[in-house]
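K.L.:
Residue-level listing of the chains:
2 protein chains.
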Amino acid sequence: MNGGVLTIYGDSKSGNCWKCQWVAEQMRVPFEWVETDSIGGQTRTEKFLALNPAGQVPTALLPDGRMLAQSNAIMLHLAEGSRLVPSDPYERAKMYEWLFWEQYNHEPSIAVRRAQLQFRGKSEADLDPALLTKGNACLARMELQLQQTPYLVGDALSLADIALVAYTRVAHEGGYDLSAYPAVNAWVARVEGDLGVKSEAA
Amino acid sequence: MNGGVLTIYGDSKSGNCWKCQWVAEQMRVPFEWVETDSIGGQTRTEKFLALNPAGQVPTALLPDGRMLAQSNAIMLHLAEGSRLVPSDPYERAKMYEWLFWEQYNHEPSIAVRRAQLQFRGKSEADLDPALLTKGNACLARMELQLQQTPYLVGDALSLADIALVAYTRVAHEGGYDLSAYPAVNAWVARVEGDLGVKSEAA
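Protein sequences, first through last, are from chains A and B. Residue 1 is where the first sequence starts when you use my numbering, and the numbers rise one by one after that. Residue 203 is where the second sequence starts when you use my numbering, and the numbers rise one by one after that.
Next up, chain A with everything else stripped away, as it sits in the complex (with noise of 0.2 Å):
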C-alpha cells in the first residue's frame, strides 16, 4: 500500500511521463512522484521489475496499491469520464487511432533520436538516417491533420493531444525542425498553453 495516493514512478526528462503527470493535473488527482532514472539503469533493478515487470517508466500505482503501467493506459484510465476523453464514439476511436500510432510511429522516430543526441552521447552520425526520415513523415501526417482542425482530434483537446505534444515539443532536442510545420508548431504552443506547461522551444 502507498497511503491511499497516486504514486508515479517517472523519469522527468520522459515525454511518456510528463503525459501522465499533465493528465493527474488536469484531473486534478494528487500524486507522489517518484523520480526513476531509466537511461541510469533504475528500471532494470530487481525491485522495479517486481513492480514493472516489463522495466518502464512510467509506472503508476494507484491508490489502491495496484499497478498500472504504460503511459497512455495510464492516461485513459485517470481521465476516463472526462472532457479529455471525447464522448461521441467515432472521435473517441479517432482519439484511440492517434494513441496508438504515437507509440508505434511517432515515439520510435521522434522521442528515439532525442533520447539517443541528448542522454546516450550520440552524434548525427551514428544514428539512422531513415529515423530522420520516419520522424518528419509523422510531423507531416500531423501537419495535414492540424491544417484542417486546432486539435488532433476536432475542436477540442483530447489525450490524443496530450500524448502527441509530449515528444512533438522537443523535436527539436532530437534534431526536427518543427518551423516546416507551422500547423504543428502553431499546435503546439495551444496545447501547452492549454496544460499550463511552459515551452521547451528552442
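Quick caveat, the hints were computed from the structure, so don't treat them as lab data. Note that this is a predicted model, so its numbers are computed, not measured. The C-beta atom is built at its ideal place from N, Cα and C for all residues, glycine as well. Certain hints may be false.
Unchecked claim - Covered by chain B, according to a simulated footprint, are these stretches of chain A (three or more residues, beta-carbon under 8 Å):
id: 1; region: 53 to 62
id: 2; region: 68 to 77
id: 3; region: 80 to 93
id: 4; region: 101 to 113
Following the hints, complete the assembly by docking chain B onto the known chain A.
P.N.:
Positioned in the frame of chain A, the structure of chain B alone reads:
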C-alpha cells in the same frame, strides 16, 4: 460511401489485420474485406494514401463512410460495450496496458522478425540479434502473467488476448520457440478455440 457495410482493407498475412476480422466476427458485424498487399506496395499508392495518410493496414471504412485506422483502435471501436472490454475500470485499464505494450514491444520484435524471414527474403544471419532477445523477453513477460491467470486480464477473454494472440500464434514463423513458454502455448490454443480460429502451430 460504401453501401452501409463495414469495409476492412487488410492483408491476409498480417496479424494486425486478423485482429479486426476476428473482432468483427465475434461482434457479428457484417464486413467486406478488401485484400491489400502491404509488402507489395498497395498501401503506398496515391489512392490508398488518400484513404489513410499513414499508409498502413488495417484501415477500416465504417458503414457511414468515415475512416478509422490502427488495429487496436478499430477493435476498441467495434467491441465497445461488449464482453470483450472488461466493465471493471481497473481491468479495462490493464487491457489498455496490454494493447499499448503489444504495439510498442511485442509487434516490433515478434511480428517484425516473422515479416523479415517469411515475406522479405531475409535469413537469420541478416537480422539484428537483439530482435530475438527482445521478442523472447516479451514471451517471458506473457508467460509470467499466464502462469497466474487463464487470460491476460483475469478470467475472461478480452481484446488484450485477441491483440496478443495474433502474432504470438505465428511466432514460430519468426524463429521463436513457443515450447519454452508452456502457459503461453496453452493460452494460444485456448484463445484460438474461443475465436474459432484454426491453429497455425508448426
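K.L.:
Taking 8 Å as the C-beta cutoff, is the stated coverage of the region 80 to 93 of chain A by chain B satisfied by three or more residues?
P.N.:
holds (count 5)
K.L.:
For the region 53 to 62 of chain A, does the count of residues with a C-beta closer than 8 Å to a C-beta of chain B reach 3?
P.N.:
Per the Cβ count (3), the hint holds.
K.L.:
Mind taking a look at whether chain B covers the region 68 to 77 of chain A? Criterion is 3 or more residues with CB to CB distance under 8 Å.
P.N.:
holds (count 9)
K.L.:
Can you tell me if the region 101 to 113 of chain A counts as covered by chain B, using C-beta to C-beta distances under 8 Å and a minimum of three residues?
P.N.:
Coverage by chain B holds here, the residue count being 6 at a Cβ distance below 8 Å.
Figure legend: structure checked against the earlier numbered hints; every hint is met.
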